[in-house]
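First to last, the sequence lines map onto chains A and B.
Note that this note's numbering has the first sequence beginning at 629, numbered continuously upward.
Note that this note's numbering has the second sequence beginning at 629, numbered continuously upward.
Hints in this document: simulated from the structure, not taken from any laboratory.
Each statement offered as a hint is correct.
Calculated lysine to aspartate or glutamate pairs in the EDC-like style (CA-CA distance at most 16 Å, straight line):
id, chain 1, residue 1, chain 2, residue 2
1, B, K827, B, E768
2, B, K703, A, E697
3, A, K703, B, D700
Number of protein chains: 2
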Amino acid sequence: MESFFSFLEKRVDDCTSLLCVGLDPHLDDLPEPTAAAALTFSLNLVKQTAPYAAAFKPNAAFFEQFGAEGWDALKQVIAAIAAESARMGSMIPVILDAKRGDIASTAEAYARSAFETLGAHCVTLNPYLGKDSIDPFIVEREKGVFLLCKTSNPGAADLQDLTVDDGRLTTDHNPLSVVNGPRSLYEHVASLAQQWNTKNNIGLVVGATQPEALMRIRLAAPGLWFLAPGVGAQGGDLDAALKAGLRRDGKGILFPVSRGISRAASPAKAAAELRDEILGLQYMLRR
Amino acid sequence: MESFFSFLEKRVDDCTSLLCVGLDPHLDDLPEPTAAAALTFSLNLVKQTAPYAAAFKPNAAFFEQFGAEGWDALKQVIAAIAAESARMGSMIPVILDAKRGDIASTAEAYARSAFETLGAHCVTLNPYLGKDSIDPFIVEREKGVFLLCKTSNPGAADLQDLTVDDGRLTTDHNPLSVVNGPRSLYEHVASLAQQWNTKNNIGLVVGATQPEALMRIRLAAPGLWFLAPGVGAQGGDLDAALKAGLRRDGKGILFPVSRGISRAASPAKAAAELRDEILGLQYMLRR
Numbered sequence: 629m630e631s632f633f634s635f636l637e638k639r640v641d642d643c644t645s646l647l648c649v650g651l652d653p654h655l656d657d658l659p660e661p662t663a664a665a666a667l668t669f670s671l672n673l674v675k676q677t678a679p680y681a682a683a684f685k686p687n688a689a690f691f692e693q694f695g696a697e698g699w700d701a702l703k704q705v706i707a708a709i710a711a712e713s714a715r716m717g718s719m720i721p722v723i724l725d726a727k728r729g730d731i732a733s734t735a736e737a738y739a740r741s742a743f744e745t746l747g748a749h750c751v752t753l754n755p756y757l758g759k760d761s762i763d764p765f766i767v768e769r770e771k772g773v774f775l776l777c778k779t780s781n782p783g784a785a786d787l788q789d790l791t792v793d794d795g796r797l798t799t800d801h802n803p804l805s806v807v808n809g810p811r812s813l814y815e816h817v818a819s820l821a822q823q824w825n826t827k828n829n830i831g832l833v834v835g836a837t838q839p840e841a842l843m844r845i846r847l848a849a850p851g852l853w854f855l856a857p858g859v860g861a862q863g864g865d866l867d868a869a870l871k872a873g874l875r876r877d878g879k880g881i882l883f884p885v886s887r888g889i890s891r892a893a894s895p896a897k898a899a900a901e902l903r904d905e906i907l908g909l910q911y912m913l914r915r
Numbered sequence: 629m630e631s632f633f634s635f636l637e638k639r640v641d642d643c644t645s646l647l648c649v650g651l652d653p654h655l656d657d658l659p660e661p662t663a664a665a666a667l668t669f670s671l672n673l674v675k676q677t678a679p680y681a682a683a684f685k686p687n688a689a690f691f692e693q694f695g696a697e698g699w700d701a702l703k704q705v706i707a708a709i710a711a712e713s714a715r716m717g718s719m720i721p722v723i724l725d726a727k728r729g730d731i732a733s734t735a736e737a738y739a740r741s742a743f744e745t746l747g748a749h750c751v752t753l754n755p756y757l758g759k760d761s762i763d764p765f766i767v768e769r770e771k772g773v774f775l776l777c778k779t780s781n782p783g784a785a786d787l788q789d790l791t792v793d794d795g796r797l798t799t800d801h802n803p804l805s806v807v808n809g810p811r812s813l814y815e816h817v818a819s820l821a822q823q824w825n826t827k828n829n830i831g832l833v834v835g836a837t838q839p840e841a842l843m844r845i846r847l848a849a850p851g852l853w854f855l856a857p858g859v860g861a862q863g864g865d866l867d868a869a870l871k872a873g874l875r876r877d878g879k880g881i882l883f884p885v886s887r888g889i890s891r892a893a894s895p896a897k898a899a900a901e902l903r904d905e906i907l908g909l910q911y912m913l914r915r
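Bound-form chain A, shown alone (with noise of 0.2 Å):
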């Protein structure tokens, strides 16, 4: 049985991608208040972006606002994207982008909710609860997380940015760190994820905007992927975000960009481009 990011990995091999297509229907971008409006939105984006995207991650907040009925539209978007993919012959992974975090069998109704009412086959979720909170959603292998790490907002700097005291004797996993002294929290939990992921399918957020904190996490996370949300709309440096967060096969990030190719005059060219700019500086940085 394959784990998540095994399955990832063949995707972007599939593709020659790096993308991962945001599906986030605004209020805004839509010409109406409704779920209809917005699963017609997200079918567009779908269609027209499939071939360039290494993974969709819907975002759970801009159905779940439309209540039932966008709960449905959800369903049928992850449902289409299956579709799309069979269609394809290439499966692209579902990213439910849901940042969910709570215990025991609560975790595990989040986890039935994720995976197995909607069909997805990963799904953001928030750290603070600790590993038992996370186990319910990575039971099986083929089923992946990315956890929160580092956020590129303001309030960043309210908890995840303090320097904590975690007994720490070795400051990373990695013999060759120029990283020492004092950790942050953000690079806690990247260890900890490191040591966590012993199925393949554990992951980690971490804006593209802060290439410091990327290098930072890298060198505490140096095998997991990064979902580094960023590019685009919040003016991410995208050369910066790969040379400081690729792993040394040269893969290990996934950029999600949403409004930056959902409001493109064209979705399909802004992708093809985007999947084109990654590709040409990871083959600078290989040189």
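Position chain B against the provided structure of chain A, taking the given hints into account.
For chain B alone, coordinates are given in the frame of chain A:
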């Protein structure tokens, strides 16, 4: 316009109760795994326990697991609480236990989902993303939030118990404090929440099973309401929790109980007894 916590306190006075009735339709407790069964289960609990409930706390996960139909059931449950409140002539606050946490327009969409689409008055949130992830939920003072602070699961040690260096000179807001020296992440969260609570609509989720942590959090956040799960099924000691966590005004803790009530032969009787037990202990503490 009243604040969320003045609304809650009015209800606490009306029913002389610090009991919060959890609505958690676990699959194990339903005759069949359907949204209709979850709805029946929840409506029965609302009807039986409303006279003793300072608040109701439906858990989003146990509805979400049923997809669109579950979402619809959740909305009906919240509407039934409003109807029961109107019948009794005393509005019962609804705390949606959703533990959401996201930023910017996504957080706005979650707030819209909880407060507008569903009609809840309050929502549980995860603080990992910081202040700007909370803001969209506290814009209106009559809507409230409880931020996860210190949970009672083993994984709480992974992040919440870490010692942090938050550059603080004084230890907390209480000049009589006995808590000195390094501070944990959960105490830092409590202190931030106290600072952020300028509209009387921010509380904290604090496990009732650890009286020392409750005491430390009360010192860091002397004015806030706590939502303190763990009494009943998880074996929390009500007396110790009240001693450690009550505010000087004899209020300040809501005790959510789910299975301890729903699995009783008579949920009405179980809720009445719990309400009275808390009331008796409060009375003893005041003497």
